[in-house]
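Residue numbers (my numbering), protein chains in the order written: chain A, 1 to 196; chain B, 1 to 196.
Hints listed in this document are in silico derivations from the structure and should not be mistaken for laboratory results. It cannot be assumed that every hint is accurate.
Where chains are identical, the list cannot tell them apart; a pair therefore holds if satisfied intra-copy or between any two copies.
Here are the computed lysine-lysine pairs in the DSBU-like style, where the Cα-Cα straight-line distance is at most 35 angstroms [unchecked claim]: (1) LYS56 with LYS133; (2) LYS56 with LYS130; (3) LYS36 with LYS56; (4) LYS28 with LYS56; (5) LYS28 with LYS133.
In this text, all values refer to a predicted model and were calculated from it rather than measured experimentally.
Number of protein chains: 2
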Amino acid sequence: MARNPEETRFQLQRDRMLTAAARCFNQKGYSGTSLKDVANLLGLTDAALYYYVRNKEELVYLCYVRAADAGRDAMQRAVDQGVTGFEQIRLYIRNHIECIVGENGPLAIMSEIPSLTPSHRDEVLEISRKHSKGFEAILERGIADGSIAPCDVRMTGNAIMGAINWIPKWFHGDAAMAERVLDEFPEILSRGLRPD
Amino acid sequence: MARNPEETRFQLQRDRMLTAAARCFNQKGYSGTSLKDVANLLGLTDAALYYYVRNKEELVYLCYVRAADAGRDAMQRAVDQGVTGFEQIRLYIRNHIECIVGENGPLAIMSEIPSLTPSHRDEVLEISRKHSKGFEAILERGIADGSIAPCDVRMTGNAIMGAINWIPKWFHGDAAMAERVLDEFPEILSRGLRPD
DNA sequence: CAAAAATTTTAATCTAGATTAAAATAATGC
DNA sequence: GCATTATTTTAATCTAGATTAAAATTTTTG
Numbered sequence: 001m002a003r004n005p006e007e008t009r010f011q012l013q014r015d016r017m018l019t020a021a022a023r024c025f026n027q028k029g030y031s032g033t034s035l036k037d038v039a040n041l042l043g044l045t046d047a048a049l050y051y052y053v054r055n056k057e058e059l060v061y062l063c064y065v066r067a068a069d070a071g072r073d074a075m076q077r078a079v080d081q082g083v084t085g086f087e088q089i090r091l092y093i094r095n096h097i098e099c100i101v102g103e104n105g106p107l108a109i110m111s112e113i114p115s116l117t118p119s120h121r122d123e124v125l126e127i128s129r130k131h132s133k134g135f136e137a138i139l140e141r142g143i144a145d146g147s148i149a150p151c152d153v154r155m156t157g158n159a160i161m162g163a164i165n166w167i168p169k170w171f172h173g174d175a176a177m178a179e180r181v182l183d184e185f186p187e188i189l190s191r192g193l194r195p196d
Numbered sequence: 001m002a003r004n005p006e007e008t009r010f011q012l013q014r015d016r017m018l019t020a021a022a023r024c025f026n027q028k029g030y031s032g033t034s035l036k037d038v039a040n041l042l043g044l045t046d047a048a049l050y051y052y053v054r055n056k057e058e059l060v061y062l063c064y065v066r067a068a069d070a071g072r073d074a075m076q077r078a079v080d081q082g083v084t085g086f087e088q089i090r091l092y093i094r095n096h097i098e099c100i101v102g103e104n105g106p107l108a109i110m111s112e113i114p115s116l117t118p119s120h121r122d123e124v125l126e127i128s129r130k131h132s133k134g135f136e137a138i139l140e141r142g143i144a145d146g147s148i149a150p151c152d153v154r155m156t157g158n159a160i161m162g163a164i165n166w167i168p169k170w171f172h173g174d175a176a177m178a179e180r181v182l183d184e185f186p187e188i189l190s191r192g193l194r195p196d
C-alpha cells in the first residue's frame, strides 16, 4: 500500500479495467459479458479482477459512477463556457459525445440499471435523475434567454440523450467516424431547438 | 396441426410469447432475462416455451424479425401517405413510435444482435441495414424536393433512430406518457430538418 | 539482496438457467 | 364418450460462468 505513486498504480489498473468493462458492456450488455471477456482485454485471468472489485455487480456500478462523473463534468464545462442556453446545450452535446467516442476509451452507457443492487440502483438513479434535471434546466434557461424555442423540456431531453446514448450501438472505434460524429451530432441535435 | 383456426391458435400464443419476450428483453437485455421470466409473464412454465421455439436464441431472433416487419410497415405507410420527404419522415417517426409505445405490446429493440447465431445475425443485420437505407432515401428525397435542408443523411438517420430506439429505456407503459411521446417526439425529431 | 506487500494464477466449488425426455392434462374430431 | 392430437408440466441433465482459497509470482522497500 502506499501514499501516492502506488495508489496511482492500483487506480490506473482499475481504470483500465473499467474501460475494458465499459467496452464489453456497451457491446454485449451486463449479463452478456463474462468476467473472462473483460479479463482477456487486459491480458489477465478472470480471477485477477477480484483483486480490484468485490464482484461483477460492483464492476458495473463503478463503470456507471465513472460515466456519471464524466457526464457531470461535460455538463459543467458546457455551462461554464457557453453564454446562451443554446450554446450550452450544444457544448454539452459535443463534450459528452467526446467522452463516448474519444480515445480515452468508451464510457459505459447506463442501460442496465435494473441489474444493480437496490442500494447501488437507487444511487445511480438519483445521479441520473440529477443529470437529466441539469439538462432540462439548461433548456429552460435557453428558453428564458430566447436562444431556444419553447418546448417540452422533458421530452426534448429524452430525445437528445437517447440519440447520444445509442451511439455505442453503431459506433465501433473508427477514428474517422469519431470525427464525423463529433462534427455532425451537435449540429443535428441542436438545430431543432432554435426559435423560428 | 391444422388448416387455419388451429394454426391461428398456435400463432396467437406464439405472438403473445414474442410480446412478453420483447418486454423482458427491452428491460433486462437478452442474457439478463431468463426463459422463466418470459414464461411467468404468460402464466406458463419455462419448459412450455420450447413448444413454440427451438431455443432462446430463436426467441430473440423471432422478436427481431417481428420488430423489423413492424418497422418496414411503419415506413411503408409513411411513404404511401406523405407527399414531401419531410412529411414522410415525420409520419414514419410517429408510426414507428406508435409500434413501440402502443397497446399491442412493445416491440423488441434490436440492441443485441451480437447474441444471435451467425446466420441469424447476418440476416437481421441485412434487414436492419436495408431499413436504415430506406430512411436515408426518404431524407434524400426530402432534400431533393426542398422540404428538408441538406445534411449528412447517415448521421441524421443515426441520431433520429437512436432517439427512438432509446425510448424503451425510460418509457414503461404509462398510457398518459405514451400520448405525450407520440405528440412530442415527431415534432422534436423532425424540427431540425426543415430548411431555414 | 532479503523480507514484506502487492498482484496474479491455478484449481476448486457452487449455482442459475438452458435444455430435454417422459408423463400428465386439455382440447378436438368423430 | 373414445381416440387422437395439442399443450403443459414435472423431473432430470448439463454447462457456463461467478466466486473463493491457496499457491505462485512479481514488485517494492529498506
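Status of the hints after comparison with the structure:
With identical chains, the CA atoms of LYS56 and LYS133 are at most 35 angstroms apart within one copy only, with a shortest distance of 29 angstroms there and 39 angstroms across copies. In this assembly of identical chains, LYS56 and LYS130 lie within 35 angstroms of each other by CA distance solely inside one copy; the values are 25 angstroms within and 37 angstroms between copies. Both within a single protomer and between protomers do LYS36 and LYS56 lie at most 35 angstroms apart by alpha-carbon distance, with minima of 11 angstroms and 22 angstroms respectively. Proximity of LYS28 to LYS56 under the C-alpha cut-off of 35 angstroms is found in both arrangements, the shortest distances being 15 angstroms within a copy and 16 angstroms between copies.
Within a single copy, LYS28 and LYS133 get their C-alpha atoms as close as 29 angstroms, and across copies as close as 25 angstroms, so both meet the 35 angstroms cut-off.
When the structure is compared with the earlier hints, no violation turns up for any of them.
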